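Chemist: Using the UniProt record's numbering, the letters of the sequence shown map in sequence onto residues 1 to 545.
Everything labelled a hint here was simulated from the structure, so no lab data went into it.
Computed from a prediction, not measured in an experiment: that's the story for all the values here.
Hints may contain errors.
[Claimed, not checked] Distance ranges between label pairs, derived from CB positions:
{"no.": "1", "residue 1": "Thr363", "residue 2": "Thr304", "range": "33 to 41 angstroms"}
{"no.": "2", "residue 1": "Ala447", "residue 2": "Gly372", "range": "38 to 46 angstroms"}
{"no.": "3", "residue 1": "Leu371", "residue 2": "Leu249", "range": "40 to 48 angstroms"}
{"no.": "4", "residue 1": "Ala54", "residue 2": "Asp356", "range": "51 to 59 angstroms"}
{"no.": "5", "residue 1": "Ser321", "residue 2": "Ser510", "range": "48 to 56 angstroms"}
{"no.": "6", "residue 1": "Asp217", "residue 2": "Ala447", "range": "32 to 40 angstroms"}
{"no.": "7", "residue 1": "Asp217", "residue 2": "Leu181", "range": "52 to 60 angstroms"}
[Said to hold, decoys possible] Keeping only pairs whose Cα atoms sit at most 25 angstroms apart, straight-line, the calculated SDA-like set for lysine to any residue is:
{"no.": "8", "residue 1": "Lys302", "residue 2": "Met241"}
{"no.": "9", "residue 1": "Lys281", "residue 2": "Leu263"}
{"no.": "10", "residue 1": "Lys536", "residue 2": "Val509"}
{"no.": "11", "residue 1": "Lys46", "residue 2": "Arg67"}
Even for Gly, the Cβ is constructed at its ideal location relative to N, Cα and C.
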Amino acid sequence: MSITITIIRLLLVYCAIFFIVLLAIGLVELLCPGILPGFFKKPVSKVLNVWVHAYLEWKYPVLDASRKRDGIPSCPYVWPNGQGDSSKFLGGVENSIAWGNQYGDTYRIWSGMKPEIVLTQPHQLYAVFRDSDKHCKAPANNSGFYMSRLLGQCVGLISGSEWRAVRAVAEIPFGHRAVALQFDNFQRQVLGHFEALHASKGVDDSNLNRGFLHPVDDLAMLPFRIVADMFYGQLSPELRMLLEDMVPLRTRIFNTHVIGGGLHRFAWSRFLPTAANAELKRFKREWKGFNRRVLEHAQQEKGTLPPIVDMYGAVASQNLSEEQLLQTLDESLFANLDVTIGGLSWIPVFLAADKDVQRRLRTEIETQASLGADTFRRYLLNGSSTYLACCVLESSRLRPLAAFSVPQAAPTPRRIDVTSGPGFVVPAGTSFVVDTYALNVRSGAWAPDNESFRPERFMNRAAKNSLDRRYLFWRFGFGPRQCMGRHAADLIIRMTVAYLVRNYDLDLVSVDDHPGDAHWARSQTCWITHPDFKLKCTRRHSDSS
Numbered sequence: 001m002s003i004t005i006t007i008i009r010l011l012l013v014y015c016a017i018f019f020i021v022l023l024a025i026g027l028v029e030l031l032c033p034g035i036l037p038g039f040f041k042k043p044v045s046k047v048l049n050v051w052v053h054a055y056l057e058w059k060y061p062v063l064d065a066s067r068k069r070d071g072i073p074s075c076p077y078v079w080p081n082g083q084g085d086s087s088k089f090l091g092g093v094e095n096s097i098a099w100g101n102q103y104g105d106t107y108r109i110w111s112g113m114k115p116e117i118v119l120t121q122p123h124q125l126y127a128v129f130r131d132s133d134k135h136c137k138a139p140a141n142n143s144g145f146y147m148s149r150l151l152g153q154c155v156g157l158i159s160g161s162e163w164r165a166v167r168a169v170a171e172i173p174f175g176h177r178a179v180a181l182q183f184d185n186f187q188r189q190v191l192g193h194f195e196a197l198h199a200s201k202g203v204d205d206s207n208l209n210r211g212f213l214h215p216v217d218d219l220a221m222l223p224f225r226i227v228a229d230m231f232y233g234q235l236s237p238e239l240r241m242l243l244e245d246m247v248p249l250r251t252r253i254f255n256t257h258v259i260g261g262g263l264h265r266f267a268w269s270r271f272l273p274t275a276a277n278a279e280l281k282r283f284k285r286e287w288k289g290f291n292r293r294v295l296e297h298a299q300q301e302k303g304t305l306p307p308i309v310d311m312y313g314a315v316a317s318q319n320l321s322e323e324q325l326l327q328t329l330d331e332s333l334f335a336n337l338d339v340t341i342g343g344l345s346w347i348p349v350f351l352a353a354d355k356d357v358q359r360r361l362r363t364e365i366e367t368q369a370s371l372g373a374d375t376f377r378r379y380l381l382n383g384s385s386t387y388l389a390c391c392v393l394e395s396s397r398l399r400p401l402a403a404f405s406v407p408q409a410a411p412t413p414r415r416i417d418v419t420s421g422p423g424f425v426v427p428a429g430t431s432f433v434v435d436t437y438a439l440n441v442r443s444g445a446w447a448p449d450n451e452s453f454r455p456e457r458f459m460n461r462a463a464k465n466s467l468d469r470r471y472l473f474w475r476f477g478f479g480p481r482q483c484m485g486r487h488a489a490d491l492i493i494r495m496t497v498a499y500l501v502r503n504y505d506l507d508l509v510s511v512d513d514h515p516g517d518a519h520w521a522r523s524q525t526c527w528i529t530h531p532d533f534k535l536k537c538t539r540r541h542s543d544s545s
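Take the sequences, apply the hints, and build the full model.
Modeler: Rendered as structure tokens:
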């Protein structure tokens, strides 16, 4: 008996040593990519992935309803990122289909070494999100240590009392009433943006002057500038330039180092002399300096003080830390630069592809505009019962911002029923994500024309079961933790689309394209789903405000 125990112990020791050696080899490859010969790296990676996967399944068991151990299908772990963030976001549209076909309507992916349970059906969302106000967001989005240094303390990624304290300070400019009071400023910014596009001449002649519109490249800075004004008031040209000069660096940090993952998922990577660490240090230094400079400038101005002054006042009162404020401002401006333009940019594409919808929308817009400025204002502020609002919703249904939602965990175990089989019992504290394409597009609730752009499906929503509708469609999340910028984002989108449709005819460049074309090119470098092609954009008459 003692010999058997000794042999078992030796085997465990050898296995542990072997696993540590594999990890060391994996870390060497992370530190010095390509240093290992291909014939050696491939089998080592395969064995490492199998061992880590086995360890993770042991550490994070999910029982099926018949109490069998770890019955939930899982994507195989891939060192070091698992399925996050590149596979989940950059390749999410394709993987949504592939993973669903392979693993069913509920399965597990790995974000780094953290499990995330994927939900695809409305009844599953009800079971999980019925108490969403009590959920906890995954620390740093399960994206690793580098992400925690960039945005780990922002309002969108913290929970509990911390979240309530930061949200109370940050949400003031974004309330429904506060956004409505910004209407004239939004309108001024929209008009000014298109005037600036037309003012570009010579070598820098804009797409718009040549009869084209790139829905992302030509419109991205519009919501960015509007949100900047909401925080800072009207910036001087020098300060605006300082702010906008930070955009390329911040975009590179997120799209390359956060989404790319790898080495910088690990906390010890902060001690390494890498370009990623240098760029993050530079950005954080410049970002803090910019905000302090704006604060000083605002305090010297006469008249109504912009929200940034009260926000720094809350820092002085210790309601939140300066780092929480800076990261929340970063999230609202730089992170949501991609998010808001993702919500806006597909609408012109769908309108260009469906001329009947475009004509109907133009008729509605021009009719409302002809009734006077006050009526048109109320029309643009109406987020539910207009054809314009329905076009916005239908576009966001067909092209969700990201293929998978931000992970969040329920405070108690959840039973998840599946189409076939006994279902699963997910332990408390396990992160859930929603497959937005499965829910918004492929769900039978949208049949038989799931993939068609038909805004009419959102008309007369009050006549439908509001509970059913709530869990059929993922856009801003559920409950108190919905995106705090949703009112501003929707008004920016409606106002910009109304201006475009009133003043320009939109058309696809290629006659072979058609509504809902799955082959429309999208950006391969951004975590948000963005179109990456031009539309024909012909000026109809002199610009209307």
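Chemist: Work down the list of hints and note, for each, if the structure agrees.
Modeler: Quick rundown of the hints versus the structure:
no. : hint                                : verdict
1   : Thr363 x Thr304: 33 to 41 angstroms : holds (39 angstroms)
2   : Ala447 x Gly372: 38 to 46 angstroms : holds (42 angstroms)
3   : Leu371 x Leu249: 40 to 48 angstroms : holds (46 angstroms)
4   : Ala54 x Asp356: 51 to 59 angstroms  : holds (56 angstroms)
5   : Ser321 x Ser510: 48 to 56 angstroms : holds (51 angstroms)
6   : Asp217 x Ala447: 32 to 40 angstroms : holds (35 angstroms)
7   : Asp217 x Leu181: 52 to 60 angstroms : violated (31 angstroms)
8   : Lys302 x Met241                     : holds (22 angstroms)
9   : Lys281 x Leu263                     : holds (17 angstroms)
10  : Lys536 x Val509                     : holds (6 angstroms)
11  : Lys46 x Arg67                       : violated (30 angstroms)
Violation of the numbered hints given earlier is confined to hints 7, 11; the remaining hints are satisfied by the structure.
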